[in-house]
Amino acid sequence: MSAALNRRQLLVAGAVAGGGMWLGLAPAGAAMAEAQALNPWVRIGGDGSITIVSHNPEIGQGIKTSIPMLVAEELDVDWATVRIEQALANSKVYGRQVAGGSMATTLQYDALRRVGAGARALLVAAAAAEWGVPAGALTTAGGRVFHPETARNLPYSALAARAATLPPPDIATLVLKNPKDFKIVGKPISGVDNRKVVTGQPLFGLDTMLPGMKFAVFEKCPTYGGKVASADLAAVKAAKGVRGAFIVPGHGGDYELASGVAIIADSFWHANQARAALAVQWDRGVGAGQSSAGFAAHAATLADTQGPKIITESGDAAAALGRAAKRVKASYSYPFLAHAPLEPMNCTARVTGGKVELWAPTQNPEPGRKAVASALGIPETDITIHMMRCGGGFGRRLGIEYMVEAAWIARAAGVPVKLVWSREDDMTRGLLRPGGFHHLEAGLDADGKVIAWRNHFVSYGDGEKYARAAELDATQFPARFVENMAVSGTMQALAAPTGYLRAPANNAFGFVMQGFIDELAHAAGADPLQFRRDLLGPARLVGEPGKRDSYDAGRARAVLDKAAVMAGWGRKLPARSGLGIAFHFSHLGYFASVVEASVAADGAVKVAKVWVAGDVGRQIVNPSGAINQVQGSVLDALGSSLGQAITLKDGAIEQSNYDAYPLLRMADAPPVEVAFVLSDHNPTGLGEPGYPATPPALVNAIFAATGVRVRSLPIDTGLLKV
Amino acid sequence: MPTKLTLNGKAVTVDADPEMPLLWVLRDVLGLTGTKYGCGVAQCGACTVHLDGQPVRACQTPLGSVGKGRITTIEALATSPVGRKLQDAWVALDVPQCGYCQAGQLMSAAALLRDNPRPDDAAIDAAMTGNYCRCATYNRIRAAIKQAAVA
Ligand code: FES
Ligand code: FES
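Residue numbers (this note's numbering), protein chains in the order written: chain A, 42 to 763; chain B, -10 to 140.
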């Protein structure tokens, strides 16, 4: 993928005032002026400063540290001397600027090393010209060029002006470092903004302050898809600290600009308090009758059927079930989830002379730009987006509705506005991780081998089309590993908008598939680890080489075996304690988890420790950030499995704050030991694939401890009482 | 109505409603945005500040209740040796992911270390359990508290 990218990109360079140079990476055909007018990727100042631009949104995944590390490595500078600057949103210059799908490392590992190498090559060429020696006789280190023969050296700053006049090298022919010579990449490096974080400096979207700015809240219908029918705003306008209130008619629905009432005030507190004085008649919309209980009841009626949508079909599952020595049948389910990042949705907007400037904590600026342009009827080029650090993303800020709301409200208010969603807004008007139901049946032959697998997936969507983030992919494991498969789907219509949550869809499928596989292992009388090894079979690539969904059985087995060894799989544990194991492949990463859990007499579950092994290729860019991400993913998965559910009743979400939707707390967070298996594959991302193997490892551990099989999340500890 | 406060060691006069929670006085009136809003209902600890050295949830502390109490926020944590050690440990161990909860975590941890310079796991759990970290950096928070304790 990165090779294809390189062919479409050119290095561009030029001079910076004060004797410096800049270097950028532009799509072939992009105007040089445009590349330069925006923040170029690298700047070497005549004053000795070295600036690397971070172009992706920072949501806590550490991208503002890890991507510049790649540039700095090949540029051959000391990390301590580098300054990192956040880019504006501009996909024409920077290409993809999305924090989603764990794709940044996958796509940019090679390209950004070449940016660093390109700048270095120009500086070396400048030194060669300066000294009249061949470039091949020069070396670099710590931001200087050396000519060992004559013991001369110059800092980059002294060469930058000359380098700026030279033609940039062809990106494809640059020579990159041998990874064994890496000085920065592969070393644990603390996040570049950590000192600012720990001293409370303004960094996040919510910290934005503009001169003359007011604060806004936006009250929407309690049911998704609802609209303002009428509103009496007299009382709210008279409330303390309120500067204005108006109806927003809406544009494009809940994914863009819902209908509602905006309140503008001197502080968020004033605006939020004033909501009590609102008198709005809502037209509650088509979703008003929908409830989680209703969806579950309908799904239960489909237990013995197949769905109209064919997802995977291979062999003859019905016939194989017919001749199976043993059949196992079970229904699994999981709820809607909220993303609940700790920083609620917010966006600050200023509209001046028809132009819009946004300060947005976003994972996905360009769709936000489009939606703002459409809702306000202005060209996209009149919108500037400052990507603010996000107080957590988890996929929530791939949604862009709060950007549209802020822009629309600021224009109507006639002053700069910081729109803040209360926690209650955040939880009751989120983009739901779709819940789902799986009616499974599998057949084992006399040797305990899985010969048939049937799954009726009851999901959300319209006809054949899934709701966003609900899709069950045709190659989801164990597809291609069981000869006779029949996976079908039924959609239930859902008014609520859905969205991508960390390891979308996989975060639930891991639980279902690896939970059920554990049941099959026990039905076969096999060790759960050995049963999984046998199911994976010998090391080989299943599927087409180079395809995103091809499955490397060897890599899966390696992480499975590694996690098992780390955890001491097979060791004896006290009564009501157990080990559970699971593995999962998603987002190009292979992960396995082993959970050690104990269950008290009252059913309370305590996780003692989790061991995780992951394979995301041959190089971990920043081991410090990488381990943090995996530990976070695993604990996130435990927290959600143990206590989180969003439920709909009469079209509205019943949970409105953390008291009803608890996150994992310190006292319940076990140590998570992480190891990476380095395999000879291109590095890929790891903000997501560490999640899906943990929920099943937990329920499998609970089964080992109690003999009770948990088939529904969150875990109902009432079922686990002695 | 003007209220006199002692904030981060300085006398400050603020003109705000006495019912207004200290969190919003700090953030929206005084522009001191280091103290964070997460829930507004004493569930998450993101808004933790010190009032006379004790950790309190600023979202549940009306301005009018502060009186002569000394308020310390994350912006002044470095003025105490314990605060400085904690901040250094946080950076050295690369604790933050998104970082949004960390101001509150540090304020809770600073109060803990002042009262209990060598906390064990149970003491850490008890002091820190009111502070959510949605990114779940708990393993590192625990390690950083221990590192700061021996620094
Ligand atoms: S904002 Fe005060 S505890 Fe959450
Ligand atoms: S670091 Fe993100 S909430 Fe704690």
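Treat the hints as calculated values from the structure; they're not laboratory data.
One or more of the hints may lead you astray.
As the list claims (entries may be wrong) - Once the Cα atoms are required to be at most 20 Å apart in a straight line, the calculated SDA-like pairs of lysine to any residue come out as:
id	chain 1	residue 1	chain 2	residue 2
1	A	K690	A	V327
2	B	K135	A	R236
3	B	K57	B	G42
4	A	K237	B	P70
5	A	K237	B	A115
6	A	K237	B	E8
7	B	K57	B	R73
8	A	K281	B	P7
9	A	K650	B	D114
10	A	K281	B	V80
11	B	K135	A	Q322
12	B	K135	A	V327
13	A	K228	A	K647
14	A	K228	A	W120
15	A	K647	A	I756
16	B	K57	B	V80
17	B	K(-1)	B	A31
18	A	K650	B	G42
19	A	K224	A	P664
20	A	K237	B	P7
21	A	K228	B	G20
22	A	K281	B	T(-8)
23	A	K370	A	S231
24	B	K135	A	K224
25	B	K(-1)	B	L40
26	A	K647	A	G759
27	B	K(-7)	B	T50
28	A	K762	A	P664
29	A	K647	A	L719
30	A	K237	B	S69
31	A	K650	B	A111
32	A	K237	B	A81
What the hints assert, rightly or not - If the Cβ cut is set under 8 Å, some of the chain A residues that face chain B in the computed set are:
id	residue
33	G227
34	S231
35	G232
36	N235
37	Q242
38	P252
39	E384
40	C431
These numbers come from a predicted model, not from an experiment.
Backbone N, C-alpha and C fix where the C-beta goes; we use that ideal spot for every residue, glycine too.
- Message: Next pair to validate is K237 of chain A with A81 of chain B; report whether the Cα-Cα distance is within 20 Å.
- Response: The hint holds at about 13 Å.
- Satisfaction of hint between L40 of chain B and K(-1) of chain B, Cα-Cα up to 20 Å: Measuring from Cα to Cα gives roughly 14 Å; hence the hint holds.
- Holds or violated: are the alpha carbons of K228 of chain A and K647 of chain A at most 20 Å from each other? Roughly 34 Å between the alpha carbons, so the hint for K228 of chain A and K647 of chain A is violated.
- Quickly compare the C-alpha distance for K762 of chain A and P664 of chain A to 20 Å and report which way the hint goes. Not OK: K762 of chain A and P664 of chain A at ~41 Å, beyond 20 Å, violated.
- Message: Checking one constraint from the list: CA of K135 of chain B to CA of K224 of chain A, max 20 Å. Satisfied?
- Response: At roughly 29 Å apart (the allowed maximum being 20 Å), K224 of chain A and K135 of chain B break the hint.
- Message: Please verify whether K647 of chain A and L719 of chain A have alpha carbons no more than 20 Å apart.
- Response: violated, 31 Å
- If you draw a straight line from the CA of K228 of chain A to the CA of W120 of chain A, is it 20 Å or shorter? holds, 11 Å
- Taken at face value, is the distance from the CA of T(-8) of chain B to the CA of K281 of chain A at most 20 Å? Measuring from Cα to Cα gives roughly 18 Å; hence the hint holds.
- Query: Is it true that the CA of K281 of chain A sits at most 20 Å from the CA of P7 of chain B?
  - Reply: It holds: about 12 Å lies between the C-alpha atoms, which stays within 20 Å.
- Given the hint that K135 of chain B pairs with V327 of chain A, test it: the Cα-Cα distance must not exceed 20 Å. violated, 54 Å
- Is the straight-line distance between the alpha-carbon of K(-7) of chain B and that of T50 of chain B 20 Å or less? Since the Cα atoms of K(-7) of chain B and T50 of chain B sit roughly 15 Å apart, the hinted pair holds (cutoff 20 Å).
- Message: With the threshold set at 20 Å, check whether the alpha-carbon distance from K650 of chain A to A111 of chain B stays at or below it.
- Response: It holds: about 16 Å lies between the C-alpha atoms, which stays within 20 Å.
The structure does not agree with the numbered hints 5, 6, 7, 10, 11, 12, 13, 16, 17, 18, 20, 21, 23, 24, 28, 29, 33, 38 stated previously, though it agrees with the rest.
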